[in-house]
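For the sequence shown, the residue numbers in this note's numbering are 29 to 298.
These aren't lab readings, by the way, just hints derived from the structure by calculation. Note that the Cβ used here is the ideal one computed from N, Cα and C, for glycine as well. The reader is advised that the hints may include incorrect statements.
[To be verified] Using C-beta positions, here's what the derived DEER-type ranges look like:
#: 1; residue 1: D112; residue 2: G48; range: 47 to 53 Å
#: 2; residue 1: W62; residue 2: T130; range: 24 to 30 Å
#: 3; residue 1: W62; residue 2: D133; range: 20 to 26 Å
#: 4; residue 1: P140; residue 2: T46; range: 37 to 43 Å
#: 5; residue 1: P245; residue 2: D112; range: 36 to 42 Å
#: 6; residue 1: G64; residue 2: R109; range: 28 to 34 Å
#: 7; residue 1: R256; residue 2: D213; range: 24 to 30 Å
#: 8; residue 1: R63; residue 2: G169; range: 17 to 23 Å
#: 9; residue 1: T258; residue 2: R100; range: 25 to 31 Å
#: 10; residue 1: W62; residue 2: D213; range: 26 to 32 Å
#: 11; residue 1: R214; residue 2: Q252; range: 24 to 30 Å
#: 12; residue 1: T46; residue 2: P243; range: 21 to 27 Å
#: 13; residue 1: P166; residue 2: W62; range: 37 to 43 Å
#: 14; residue 1: P245; residue 2: P140; range: 38 to 44 Å
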Amino acid sequence: MTDSEIRIAVLLPDLLGTYGDRGNAIVLAQRLHWRGHRCMIIDVCADESIPTSCDIYLLGGGEDIAQQEAVRVLDSRRFHRAIDADPVVLAICAGLHVLGNTMIDVDGGCQPGLGLLDLISRPGSRRAIGEVVATADPMIGLADPVLTGFENHRGRTELGPRATPLARVGIGVGNGDHTEGAVSDRVIGTYLHGPVLARNPALADHILALATGIPQPPLELPDQNTLRTTAFRRAGRQRSRWRRLRDHLTPRRWTAPGTTTGQRSPQDLA
Numbered sequence: 029m030t031d032s033e034i035r036i037a038v039l040l041p042d043l044l045g046t047y048g049d050r051g052n053a054i055v056l057a058q059r060l061h062w063r064g065h066r067c068m069i070i071d072v073c074a075d076e077s078i079p080t081s082c083d084i085y086l087l088g089g090g091e092d093i094a095q096q097e098a099v100r101v102l103d104s105r106r107f108h109r110a111i112d113a114d115p116v117v118l119a120i121c122a123g124l125h126v127l128g129n130t131m132i133d134v135d136g137g138c139q140p141g142l143g144l145l146d147l148i149s150r151p152g153s154r155r156a157i158g159e160v161v162a163t164a165d166p167m168i169g170l171a172d173p174v175l176t177g178f179e180n181h182r183g184r185t186e187l188g189p190r191a192t193p194l195a196r197v198g199i200g201v202g203n204g205d206h207t208e209g210a211v212s213d214r215v216i217g218t219y220l221h222g223p224v225l226a227r228n229p230a231l232a233d234h235i236l237a238l239a240t241g242i243p244q245p246p247l248e249l250p251d252q253n254t255l256r257t258t259a260f261r262r263a264g265r266q267r268s269r270w271r272r273l274r275d276h277l278t279p280r281r282w283t284a285p286g287t288t289t290g291q292r293s294p295q296d297l298a
């Protein structure tokens, strides 16, 4: 925090700007404004130097080639020097992969990440697309621990011992093992778009509290509860549709191939 002004850097919006995650910077700036704080948003493109005096650094989502280039750019621009000042970092989707130890591509090739989060990301068998509802780790201390967002990724993420999940998944895929995202000290990664901070004010205020060192009392916004209720209902309908589709596509009983009608002995599927 410089002269009571919070500086927020949006890193590589030209590479990691596919899903509108720059909106997270706007959310943080507006919530600071409502509380009487001054704020500056700095967009840092791939051909620009990374400022080392920002309080918050944000990374968004992008495609596979873009995230590989992002690692190269951030490493060459010495992003680690900015991290030495102990800022808060929020990374979304591809940004989560970029901050990890290793990224494995569809051909099995490995590329090192920046190593700020102890995790490995690899492609899953199918793309995860849809609403997510998850419950944040109680140790994080969010005023409202229920997180919602939209995921659109093929990545599956395995955390190492130096990272903890951001949340446990109730609806959706997340990391692929019923967890969502990763946290290590002041570095937070998640697959949730939305933008995630617009949909989860408590997470936004948690980031601001870390950055300012000042607890952020909740803001009463007239449409906030309505919007979150709508997100919960949308996620619930998504789960109901998936269950109906699963029940339609998955037979409850089967017969061994090659048997005649009289020989068939139906068995329940496990």
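Taking the hints in turn, this is what the structure says about them:
1. D112 to G48: 47 to 53 Å: Violated - the Cβ-Cβ distance for D112 and G48, about 30 Å, lies outside 47 to 53 Å.
2. W62 to T130: 24 to 30 Å: violated (40 Å)
3. W62 to D133: 20 to 26 Å: About 43 Å separates the Cβ atoms of W62 and D133, which means 20 to 26 Å is violated.
4. P140 to T46: 37 to 43 Å: The hinted range 37 to 43 Å is violated for P140 and T46, with Cβ atoms some 22 Å apart.
5. P245 to D112: 36 to 42 Å: violated (31 Å)
6. G64 to R109: 28 to 34 Å: Holds: the Cβ-Cβ distance is about 31 Å, inside 28 to 34 Å.
7. R256 to D213: 24 to 30 Å: holds (28 Å)
8. R63 to G169: 17 to 23 Å: For R63 and G169 the Cβ distance comes to about 19 Å; the hint holds.
9. T258 to R100: 25 to 31 Å: violated (40 Å)
10. W62 to D213: 26 to 32 Å: holds (27 Å)
11. R214 to Q252: 24 to 30 Å: Once the Cβ atoms are compared, 26 Å apart, the range 24 to 30 Å for Q252 and R214 holds.
12. T46 to P243: 21 to 27 Å: Roughly 34 Å apart at Cβ, these two residues miss the hinted range, so it is violated.
13. P166 to W62: 37 to 43 Å: Given range 37 to 43 Å: violated, Cβ gap about 27 Å.
14. P245 to P140: 38 to 44 Å: holds (41 Å)
The structure is inconsistent with the numbered hints 1, 2, 3, 4, 5, 9, 12 and 13, although it conforms to all the rest.
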